[in-house]
Structure formats: C-alpha cells, structure tokens
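Colleague: Residue numbers (the numbering used here), protein chains in the order written: chain A, 1 to 110; chain B, 1001 to 1110; chain C, 2001 to 2154; chain D, 3001 to 3154.
It is possible that some hints are incorrect.
[To be verified] Interface residues of chain D toward chain B, partial, derived using beta-carbon atoms under 8 Å:
1. Val3012
2. Val3029
3. Pro3058
4. Glu3063
5. Ser3131
[Unchecked claim] Using 30 Å as the maximum straight-line C-alpha spacing, the simulated DSSO-like pairs for lysine-lysine come out as follows:
6. Lys1092/B / Lys3130/D
7. Lys1066/B / Lys3079/D
8. Lys2130/C / Lys42/A
9. Lys1066/B / Lys3130/D
10. Lys2130/C / Lys66/A
11. Lys92/A / Lys2130/C
12. Lys85/A / Lys2130/C
13. Lys3079/D / Lys1007/B
14. Lys1085/B / Lys3130/D
Honestly, the hints are just simulated from the structure, not real lab data. Ideal Cβ placement from N, Cα and C applies to all residues, glycine included.
Okay, here's what each chain looks like letter by letter:
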Amino acid sequence: MSFTITKQDEVVVVEVEGQLIVGNRQELKQKVLDELERGGRKFLIDFDQTGYIDSSGLGVLVSLSKKIREQGGELRLANLNDDLKTLFELTKLDTLFQIADTKERALESF
Amino acid sequence: MSFTITKQDEVVVVEVEGQLIVGNRQELKQKVLDELERGGRKFLIDFDQTGYIDSSGLGVLVSLSKKIREQGGELRLANLNDDLKTLFELTKLDTLFQIADTKERALESF
Amino acid sequence: MAATDGGVNGGVPPHWHHTSFDLEIPSDVRHIESIVDLVQRVCRELAFPARQCSLNVPVALSEALSNAILRGNQRDPSKPVRVRFNSDGDRLVVEIVDQGAGFDLQRSTRDPTRPENLTREDGRGLFLMKSLMDRIERYNQGGNVVRMVMNRHA
Amino acid sequence: MAATDGGVNGGVPPHWHHTSFDLEIPSDVRHIESIVDLVQRVCRELAFPARQCSLNVPVALSEALSNAILRGNQRDPSKPVRVRFNSDGDRLVVEIVDQGAGFDLQRSTRDPTRPENLTREDGRGLFLMKSLMDRIERYNQGGNVVRMVMNRHA
Ligand SMILES: Nc1ncnc2c1ncn2[C@@H]1O[C@H](COP(=O)(O)OP(=O)(O)O)[C@@H](O)[C@H]1O
Ligand SMILES: Nc1ncnc2c1ncn2[C@@H]1O[C@H](COP(=O)(O)OP(=O)(O)O)[C@@H](O)[C@H]1O
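Start from the sequences, fold in the hints, and give me the full structure.
Modeller: Put into structure tokens, the structure is as follows:
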C-alpha cells in the first residue's frame, strides 16, 4: 500500500498502489491536503494500481472532493477497473465524481 | 517456480527461483539432463532465489550429481541460505556436494 | 517422497473441496488486509468466479472487520475479533464476532445513494455489505455476530 | 466505517491469537505449494520465530502432503487429502489425513545420513519431518492421520 505523488504541469497526480482502506486512507487524505495547502488546485487520482476500496476509502474521496472544491479546485479520477466501477455505481458516487477512462483523458479534461 | 539456464564460459548455470519440490523437480532434472546430453560437463546450481526444498528436490540433486559424474562432469551448488544449509546439514548432503558461498567462488572452483 | 514422480497432469488442478477456518485477531485495523487476502485466496482456490473473489468478498469482509474493530470493540486491542469462515464451494459463509453489545442491523443501514446522503463521508459500510453479499444477519452469541452469506454466482 | 479514524498506532500490530482451519484438497501435488504458503503465512501472523516459519513448517508440511497424495492416496484425484491446522500461538499442530491404509511410522523411517543411504534418491521425507517437528504421530481415524506438533522455539 503506497501513494505516489507526482506533478504533471499544474496537475497533482496521485497514484494509489494497493488497497485504499481504513488503515491507510488517512495517509492519502493528509498527502492531498498538504498539496492543497501548498497551492495545488488540480488533482487527479489514478487507480490503475489499486486493489479494492472500502467505504472509508470512498468516504475520504468524497471528503477530499469537497475540500478541493471549497478552495476553487477540481478533483478527477482515472483508471477504475471493472470492480471499482461497480463500487462507484452501487454507491452512485459515479454521479458525484468526474471519472475518466485513462490518465491522459483525465489530464486533457482539466 | 522457474528454472533459468544460462552459460558462463563452459559452465551451465541453473538458477532455481521459488520452491524445488515434488511438483517441479522433474522439470529441473530434465533441463539438466538435456544440457548433459548436449555435452555440458560443468554444472552450477544457484539457490540465491530459492525458497524451500523438499526431500524429493534433494533427491533430484543427488541423482543429477550421480548422472553428471558418470559422464565425467561436475556439479557445484552455490548460495544456500541458512535454512537450506541446515537442510543439507541435517541430511548430511553437505558432505556429498561441493557447496560454494557465492556464484563467483563456485565458478572459479571449476 | 523422492522416487515416485509427482509430475504435473497438465491443465489447472481440480480445485479445493470444503474449507473452514476460525481465527482470532486483536482489534487493530492493520490486520484487515491480511485477513482479506487470506479469504480472497481461499475464495480463488475454491474456484468461485473471479469477480466474487476480487470485489464482493474483499469489500464486504473489510467493512465487517472494520465495523467489528472500530464500532464493536472500539479499537481496544485487548478485545479480540473472531473470524469464522466456512465454504463447501457452493456458498461461502463468514461470521465476524466482536465484543460489543450489538446493534440494530435494519435501522443502522442507511441508503447512501439518496441525494441527502450522497456527499456524506460515512454510512456506506452496511449498505455495501448488503449489496455485495446474498444475505447479512446479526445476532448475539458470545458477542455480536455479523454473518454474511454469498452464493456462487453462475 | 468512514468517520472514525482507523489510523495506525505505530509499530508492529499485536499478532493473531488462536487460529485453526480444516480444508480438503484433491490429490494433486500442485496444491502443495499453496497449502504450504497458507500455513507459512499463518505461522508468521502468529509470530512464531522466522526460522520455524521459513524452514521447519514448510519442509515438514510439504513432506507430509506429498506422502499423503502420492503414497496414501496414490495420486487418485478423487481421493481427498484433509489438512487440519490448529495453533494457540504456543504450539502448532497439523494433521494430514489421507485415504490410504496407513503405514508403520517407525519401520518406514530410514536414517538417510548413514553411508549406505546417503546417495539414495528417496527416503528422506519422514526423517526430515521428525527432524524438523517436535513430535510426529500416526493413527487411523477416518483415514490415515499423520499428526505433527511443533512447539514455539525460544
Ligand atoms: N459491529 C458493530 N458494532 C456496533 N455497531 C455497529 C457495528 N457495525 C455497524 N454498526 C453501526 O452501524 C452504523 C452504520 O455502519 P456503516 O454502514 O458501516 O457506516 P459507518 O460505519 O461509516 O457509520 C455504524 O455507525 C454503527 O453505529
Ligand atoms: N501417507 C502415507 N501412506 C502410506 N505410506 C506412507 C505414507 N507416508 C510414508 N509412507 C511410507 O513410508 C516410506 C518412507 O517415506 P519417506 O521417508 O517420505 O521416503 P520416500 O517417500 O521418499 O520413500 C514411504 O516409502 C512409504 O512406504
């Protein structure tokens, strides 16, 4: 389980490797909030290397999306596999987030 | 579990990745016998990437060592970790094989 | 075994038959991932469909475990969480036992897809368990037991 | 769980308490590795010393499994091998049950370190099991049961 943060032009790209669950979501939250503090406004979370996400992981995404929007920023998600898509559909969170098929599409869309 | 065969000068080097056990030792045996058939006479089995070895894996090593010697060849072993060393000591097979600490030492010793 | 050849018959080996286990962990969320991983692997060895082993089982189980650790046992590491697993290959039953007083399963389950709940951070756990398993039950028996049943999908 | 922080307490989590399992596989040597891997992981979660989990358990268990599959069940995939595991963290007990008639444990155990046996290909399995476990027993009960006990080393 690890989070890798890189910057592509103005976009803060966060890769979630492994699970996003109750044991590590606080770490993700802190890392993104730190970038927001430092002035980042465009955020992309890439799930290409992600296993499963639990409800607390989904909760952190919801909360981050709110906090980013409050600062006039934007959060996009990319690379959900079929399992993750199902999870977002079940919880209707697919209606709350902007989700792109690939990282490239997500980057272009900002 | 896989076996990688390379040649360094005249030495056939076999790397055992993963377990050497009843389910795959036949594959190792066949690969080494094929090289013996093709004229290989110096053999080095490298256990650097090996997990555990069971009695049938030990048995294959004994049998290969005999077959290689029958053809006037030699078999050396290298890179036994502490667990594997214990296994060879328990069975006194450390007295039957020429065992080097490193691959380099084993190669020099031919 | 040395003399007899244990060579491979070719193809995928016939899958495991029945499997059960019973284990107890201290209340620490860092155990969730390894338990989930264990159950996922058994799910695959029992040849349940890939999706059930990669989505339904891990998400539902991690919800049940984190509720047991954080809600039931309130993260007190001296309180154990017990995990009982049983499967004959047709269905899979997992029981999670915590030391809490229990809760009202029906009343605690919110619908997180309703507009007023959609942007809430919490309240998706029981909903996901119900959505991903075929049956969820709760009862008291030496603790608060949450029982999840998943049938093999076609 | 979403609202409550499930954050890490620092350090290594307290290890698992007791663990038991009971599973059945068809007689196919390709299952040995996954069973051994499962037991090794449980060995580690129960915080047995590293060496016992990396050497004693996997070698003894793979010997017992291959004897059960190849000797006891003569590789007949319709005959199951049952694996029962139990540990309270102080000792670890594994029972392997096959459908064979059983065998004389004492008389079948050779000493492979004697000069006349040293270059034999076979005959090291029971010897290794005895060397690596604290106790090996055999009895008939719904099949041929080989029981291995390992105490936690200091
Ligand atoms: N094992 C448990 N013990 C006590 N209460 C529980 C347990 N599991 C769930 N609950 C109750 O059900 C509520 C809803 O749980 P859930 O849907 O997982 O959402 P969340 O945990 O995010 O609030 C919890 O807030 C808690 O009050
Ligand atoms: N589960 C079993 N069922 C029947 N016979 C067994 C079983 N396990 C061991 N044996 C007998 O004990 C003998 C010695 O076993 P072992 O020490 O593992 O060496 P090997 O299997 O290489 O001969 C076997 O040859 C077999 O006759």
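Colleague: All hints, please: hold or fail.
Modeller: How the hints compare with the structure:
no. : hint                  : in the structure
1   : Val3012               : 22 Å, violated
2   : Val3029               : 4 Å, holds
3   : Pro3058               : 4 Å, holds
4   : Glu3063               : 6 Å, holds
5   : Ser3131               : 5 Å, holds
6   : Lys1092/B / Lys3130/D : 15 Å, holds
7   : Lys1066/B / Lys3079/D : 36 Å, violated
8   : Lys2130/C / Lys42/A   : 35 Å, violated
9   : Lys1066/B / Lys3130/D : 27 Å, holds
10  : Lys2130/C / Lys66/A   : 27 Å, holds
11  : Lys92/A / Lys2130/C   : 15 Å, holds
12  : Lys85/A / Lys2130/C   : 18 Å, holds
13  : Lys3079/D / Lys1007/B : 43 Å, violated
14  : Lys1085/B / Lys3130/D : 18 Å, holds
Hints 1, 7, 8, 13 from the list above are not met by this structure, while the remaining hints are.
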